[in-house]
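Protein chains in written order, with the working numbering: chain U, 1 to 141; chain L, 1 to 573.
I should point out that these hints are in silico values taken from the structure, not numbers from a laboratory. C-beta atoms are modelled at their ideal positions from N, C-alpha and C, and glycine is treated no differently. Treat the hints with care, as some may be off.
Just a few of them, taken from the derived set where beta-carbon distance is under 10 Å, the chain U residues facing chain L [as the list claims (entries may be wrong)]:
#  : residue
1  : V12
2  : L17
3  : G19
4  : K25
5  : A28
6  : V30
7  : V38
8  : T46
9  : M72
10 : L74
11 : G116
12 : P120
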Amino acid sequence: MSETDRKIRVLVAKPGLDGHDRGAKVIASVFRDAGFEVIYTGLHQTPEMIVAAAVQEDVDVVAMSVLSGAHMTLFPRVRELLDAEGADHILLTGGGIIPEEDMKALQNKGVGRLFGPGTPTSDAVRYIREWFQEDRQPEGV
Amino acid sequence: MSTIEREVPRETLEEELRQKEEELEALRQQLARWEAEHQDAPTRDTSFTSVSGREVDPLYTPLHREGAPGYLEGQGLPGQYPFTRGPYGTMYRTRLWTMRQFAGFATARETNERYHYLLKNGQTGLSVAFDFPTLMGYDSDHPRSLGEVGVCGVAISSLADMETLFDGIPLDQVSVSMTINGPAIILFCFYVAAAERQGVSADQLRGTVQNDILKEYQAQHAWVFPPEPALRAIVDMFEWCSEHAPLYNPISISGYHIREAGATAGQELAFTLRNGFEYVERGIARGLDVDSFAPRLSFFFDIHNDFFEEVAKLRAARRIWARGMRERYGAKNPASWRLRTHCQTAGVTLTAQQPENNIVRVAYQAMAAVLGGTQSLHTNSMDETLALPTEKSVRVALRTQQVLAHETGVPNTIDPLAGSYYVETLTDELEAEAQELFDEIDEIGGVVPGIEAGWFQKEIAHSSLRQQEEMESGRRVIVGVNDFTDGSEEVAIDTLKIDPDVEERQREQMARLRQERDSAEVERTLAALTEAARGDENLVPRILDCARAYCTLYEIRHAMEKEFGSYKEPVFF
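The shape of chain U in the complex, shown without the other chains (with noise of 0.2 Å):
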């Protein structure tokens, strides 16, 4: 089986304080009937313990949930953390209540596309197959 053919692994993150996990719970629901192999961190997580579960799982993707208002704080520490263990091979992506301009913000950190409400779950599953695709393909080929 080539590298390209095996299943995507995404962790499904909740960091913060906030407990709303309606958008977590579904995505991951998708993701997995999509086919990927689903970890869910469950609440309240710190970027230490995410990136801990991403490293320890090690996932191709790690897609967090904010809708706190934290994703400024949030999304930045868990990339310089991923970074910092070697892991700068995973993508962040995620979703939640992210004005337009902090996404953007945020892309330039190195985060991946995020998602505003409102989106179809069949966006994010392109997008993370398309990466994957792209990222993943073997050198030279």
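Go by the hints and put chain L onto chain U.
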């Protein structure tokens, strides 16, 4: 139910009955012809189900009401058992609902300014939104609070913050609702102590603390302690308030968050009322007389898009509560049978696309809440899927209620949808659905075992996924999102920005507090609280002592946690 006494000859009664039956028979025949006539008529390409997935008939007639209980048994008069038509005798003819906008952001100082603004604009009660650290029992300077201080609500870490929050607001005159659950008993004590500083005693306080931990485990997830000690603290508050703060509602049993997490109307209704009955059972198990605390139990429901279903839900809720309290729990005081509720329009129905459309959604939902007979109402602001609301959008939301109250004529008569074949049928159906869910909860061993097994959480997640699929497949149209999307790309409204130095200012103020207070008194009161938590005395007086000594939220939480432990959720999706 009174027996009808009138001097009518038997033959006349029989004649009346015969005529009634003939009329129903004629209706049956006409309806059959009507159905035959229209069976091949084209129908719109939609499912004709309610938001909750309930099948809706094309037409409701007296035939839907055959076999239903009589008027006095099923509906009765407002203010009378079973309260279907309203909890009070004269409803909005005497007093309009309380217009109560939920608000809080940044520090106590900024939120205090917003409260003064809202009161000046004709709002009639206050409702405090706390930030996530406060909701979870962390101080603003705790490492777990990083990035979240004052962002989603106001940061309150001690009595000092609570005093600032209500600066210039007389707590004996303005009723205040506080949305806090996990550490509710602590914030309640800050509030009582802040009132004391104003010279207002607890028996003058009107207002509500949400304090509904069961729905936190089920849906909203802002918990601190495990279920059993958390329930003990709640019953402590019932007991303390019945003696010291008789006008205060020590709980608001909430369906709102259950619904927002994805439940259907029927699940919201059933889980909320079953939680309510659980609190009643806990109070009775403590040895409290049910009538000593039940009259102060209050409720909080979500008002979603499906207009008639929401009206019927509130009517059914009152009837179920009344019957349960009187028949099952033996309450004798009619005030114990009366379900009083706050409502909020459904945040989950707001769309980030074409946000101005939200004003219209909120207006319909607000009308459903009022036709359902709510006692107070929060109307969401159009920009709340983007950020906390701006002053302007909050004003539009408040004006929406004022237009409803003063221009539409809706509040002129009580429960005007009563007698509608559809609304009465829906009311009965929702009541029956709730009863089925009560039976299921009994089968799994009750509320707390259901939470521990993740049963409620899974039921809610299942409904949520169904609604998401309906929306994404286009079977349920959401205007501006999956249809009528022209113009959705432009979000041209201003949003509220939280000053990034709020966290820093709050840290400085905490540092000052820790330095200036009497540290021996802090230690003494905290140790006494841990001791009390170990035994079974009422915790409220101990926590009040801590509050007065300016112990912080986290210190008090921690003093209890030593005995109580903390809650670990069952993780699944």
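Against the structure, the hints come out as follows:
Annotation: interface hint on U/V12 holds; nearest CB of chain L at approximately 7 Å, less than 10 Å. For U/L17, the interface hint holds, the least distance from its beta-carbon to any beta-carbon of chain L being 4 Å, beneath 10 Å. Interface restraint check for U/G19: the shortest CB-CB distance to chain L comes to about 3 Å, inside 10 Å, so the restraint holds. The interface hint given for U/K25 is met, as the beta carbon of that residue sits about 4 Å from the closest beta carbon of chain L, less than 10 Å.
Taken as an interface hint, U/A28 checks out: its beta carbon lies about 4 Å from the nearest beta carbon of chain L, inside 10 Å. Contact between U/V30 and chain L, as hinted, is supported at the beta carbon level, the nearest pair being about 8 Å apart and thus within 10 Å. A cut of 10 Å between beta carbons decides the hint on U/V38: the least distance to chain L is about 8 Å, and the hint holds. Given the 10 Å rule on beta carbons, the hint for U/T46 holds: about 7 Å separates it from the nearest Cβ of chain L.
Of the supplied interface hints, the one on U/M72 holds, with its beta-carbon coming within about 7 Å of a beta-carbon of chain L, less than 10 Å. Look at U/L74: its Cβ gets to within about 6 Å of chain L, closer than 10 Å, so that hint holds up. Hint status for U/G116 relative to chain L: holds, with the closest Cβ pair at about 5 Å, below 10 Å. Taking 10 Å as the C-beta cut-off, the interface hint given for U/P120 holds, the closest approach to chain L being about 5 Å.
Hint compliance for this structure: every hint is met.
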